[in-house]
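Student: Top line first, the protein sequences correspond to chains C and L. If you read the first sequence in the working numbering, its first letter stands for residue 1, the second for the next number, and so on. If you read the second sequence in the working numbering, its first letter stands for residue 208, the second for the next number, and so on.
Bear in mind the hints are in silico, worked out from the structure with no lab data behind them. For clarity, every value in this text was computed on a predicted model and none was experimentally measured. Cβ coordinates follow ideal geometry from the N, Cα and C atoms, glycine included. Please note: incorrect hints may appear among the correct ones.
In silico DSS-like pairs for lysine-lysine, Cα to Cα no more than 25 Å straight-line [said to hold, decoys possible]:
1. L/256 x C/3
2. L/577 x L/526
3. C/198 x L/212
Short, incomplete list of chain L residues facing chain C, as computed with Cβ under 7 Å [claimed, not checked]:
4. 226
5. 227
6. 269
7. 281
8. 340
9. 356
10. 368
11. 468
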Amino acid sequence: MDKFTTLTGVAAPLPIANVDTDKIIPARFLKTIKRTGLGVHLFDTLRYDAEGHERPDFVLNQAPYRHAQILIAHENFGCGSSREHAPWALLDFGIRCVIAPDFADIFHTNTFKNGILPIRLPRAICDQLIEDARQGDNARITIDLAEQVVVRPNGEKIHFEIDPFRKHLLLNGLDDIGQTLQHAPSIDAYEAKQHSEKSWMPAITVG
Amino acid sequence: MADTKPKTLFDKVWDAHVVEQLPDGTCVLYIDRHLVHEVTSPQAFEGLKLAGRRVRRPDATIAVADHNIATSDRRAGIKEEDSRIQVETLERNVAEFGVPYFPVLSPQQGIVHIIGPEQGISLPGMTIVCGDSHTSTHGAMGSLAFGIGTSEVEHVLATQTLLQKPARNMLVRVDGLLPPGVTAKDLVLAIIGRIGTAGGTGHVIEFAGEAIRALDMAGRMTVCNMSIEAGARAGMIAPDETTFAYVRGKPYAPKGEALDRAIAWWRTLPTDPGAAYDTTVVMNAAEIAPMVTWGTNPEAVVPVTATVPNPAAEPDEAKRAQLQRMVEYMALTPGQKMTDLAIDVVFIGSCTNGRIEDIRAAAAIAHGRKVAPGVRALVVPGSGIVKLQAEAEGLDRILLDAGFEWREPGCSMCLGMNPDKLTPGQRSASTSNRNFEGRQGPGGRTHLVSPAMAAAAAVTGHLVDVRELG
Ligand code: SF4
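Throw the hints in and build the complete structure from the sequences for me.
Tutor: Encoded structure:
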């Protein structure tokens, strides 16, 4: 996983609430066995018309935002399914940070696991950032994870909260499995205890 | 020392699975059951392979293909190449990693959330995960069951644990009893209408109260299934005699003396008197009518007797725009009666409503009636076992005689990953759980309803209050 330290880039404004995972990546694109290549289908139904042509009014089809690395949206971003294809599609497009008033739980977890930083900020601040983002190339936004600040184009710094454990993993590009395996002795001990205390629990075998 | 603080059902199941608590409060949480399907697992197995890791507990894991597979005759295999590759990849992975698997042509095959409880794989007091948000379904057993992403699938395969922080506790208590003709589906839609699609964010919802206690296991699963549509991490219902009677005799459930020991523990799980919830919602079952969604998220729901809301009445500008977009996408007119909406397609199935009880409810309405001209009505049992049971009861004949299609088990038109899809502009009455734009096929318009309401729409050709059909 790539480290996340600081990021400066164009932010795409997406002032919509309840952006669901079907919007981010419709189910018909889930038939892949890889993590990459989904970026062209990010927001597919908003981005393309029925003939597959780009809709010029959709933000990611407009010049500065084709290279957006930050996305700013409204409440409950990422609701719906658990598909990790949603963050994969965002990442494949180039988005490394999503800012919204709040996120759906599973999506929130999934972003971290893919090196995307989800930032929760109050709606009023999101709206300010959306106004900044509307200036396109003229308004770069900086995210400094170590300092936990979003820097507006006018230099104003906005503090955000983040779980310290998640921050540590992101800053160092660490993967969760490696972290957890450091606790292997505790897992072994738990299993031994469960084996005796919950011996009623059947093993699954087929055939 | 015994911890005497009163605990909720969630607290108890959570505490019983904490392997270790890290300094910042994150827990290494042990997972008892891991259900795996073809869509969210290929990248996880790939990750294991790349890292040279094995599956830690194949005996706590079960795999099945459900999302992609055709619901027509499947002996010929899967025609669409990308779907076939996903299923073949799963089959290769389970063979390579020694994971138990229910093959596509076996009667045990079905939607992962139907087969877990049906096989006795999902049991009370367990932690259960699956790379699918509707894993919340299994919470009906009195387990802590939640959906995870593919990275977490890989994490569980490798470590049999997850890194998690405890959720907040939410109680949804439904007093009184549901009126005749009103089902678990209507109840959960009414709950979502009340608390909203983000109402449960960060919480695990415990459903309790007289109306919940009175539900059979199928109804409880329908309710827990849609906890995720209320934004919750999971839904749970305390295990009771109904649960124990359901578990008894299931293929993978404990038997005899082992079952007695299990039940003795399960009886300790219900929430202690005086335990605190972070949020409490109380509803009155008697006030709930058959429900139908009108918009493109599950909180856009009204009683079937109501009319399409008027977005202009919404004071918040952003919300108004969203409602306006819904009305347009769904091709509705504010003030229009819901019962005036003609239906093109009816879909009965999914992990929300694909159990035998749901098919019985649909068949009861279909009996002696005919699907209205121009309507396509599909019934897709949730598993091979459900299908066999329905056929043993003659329900397939009733449905076929009425003009319904009787299909092979799978997710089908719930999400349109297989050939069962809406075409642009088609309007469906669907027993599934999501009505997002394009969920059942690009441009499709979905109205979520109960199985009885769906069958009633099929035979009348429009949305209708099932209570009028008698
Ligand atoms: S039936 Fe629908 S909601 Fe359930 S697992 Fe399948 S696709 Fe998901």
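Student: Close enough to count: is the Cβ of residue 281 of chain L nearer than 7 Å to one in chain C?
Tutor: At 17 Å from the nearest chain C Cβ, residue 281 of chain L fails the 7 Å test, so the hint is violated.
Student: Taking the closest Cβ pair, is residue 227 of chain L under 7 Å from chain C?
Tutor: holds (4 Å)
Student: Are the Cα atoms of residue 198 of chain C and residue 212 of chain L separated by 25 Å or less?
Tutor: holds (24 Å)
Student: Hint residue 269 of chain L vs chain C: min CB-CB distance below 7 Å?
Tutor: Holds, because the Cβ-Cβ distance from residue 269 of chain L to chain C comes to roughly 5 Å (cut-off 7 Å).
Student: Compare the distance between the alpha carbons of residue 256 of chain L and residue 3 of chain C with 25 Å, and conclude whether the hinted pair is satisfied.
Tutor: holds (23 Å)
Student: Should the interface hint for residue 368 of chain L be scored as holding, given a Cβ-Cβ cut-off of 7 Å against chain C?
Tutor: holds (6 Å)
Student: With 7 Å as the cut and Cβ atoms as the points, is residue 468 of chain L at the interface with chain C?
Tutor: Holds: closest Cβ of chain C sits about 5 Å from residue 468 of chain L, inside 7 Å.
Student: Against chain C, run the beta carbon of residue 340 of chain L and see if the smallest gap drops under 7 Å.
Tutor: Status holds, d = 4 Å.
Student: Does the interface hint hold: is residue 356 of chain L within less than 7 Å of chain C, judged Cβ to Cβ?
Tutor: Since chain C brings a Cβ to about 4 Å from residue 356 of chain L, closer than 7 Å, the hint holds.
Student: Are residue 577 of chain L and residue 526 of chain L close enough, with their CA atoms no more than 25 Å apart?
Tutor: violated (41 Å)
Student: For the hint on residue 226 of chain L, does the least C-beta distance to chain C fall short of 7 Å?
Tutor: holds (5 Å)
Checked against the numbered hints given earlier, this structure breaks hints 2 and 7; the rest are met.
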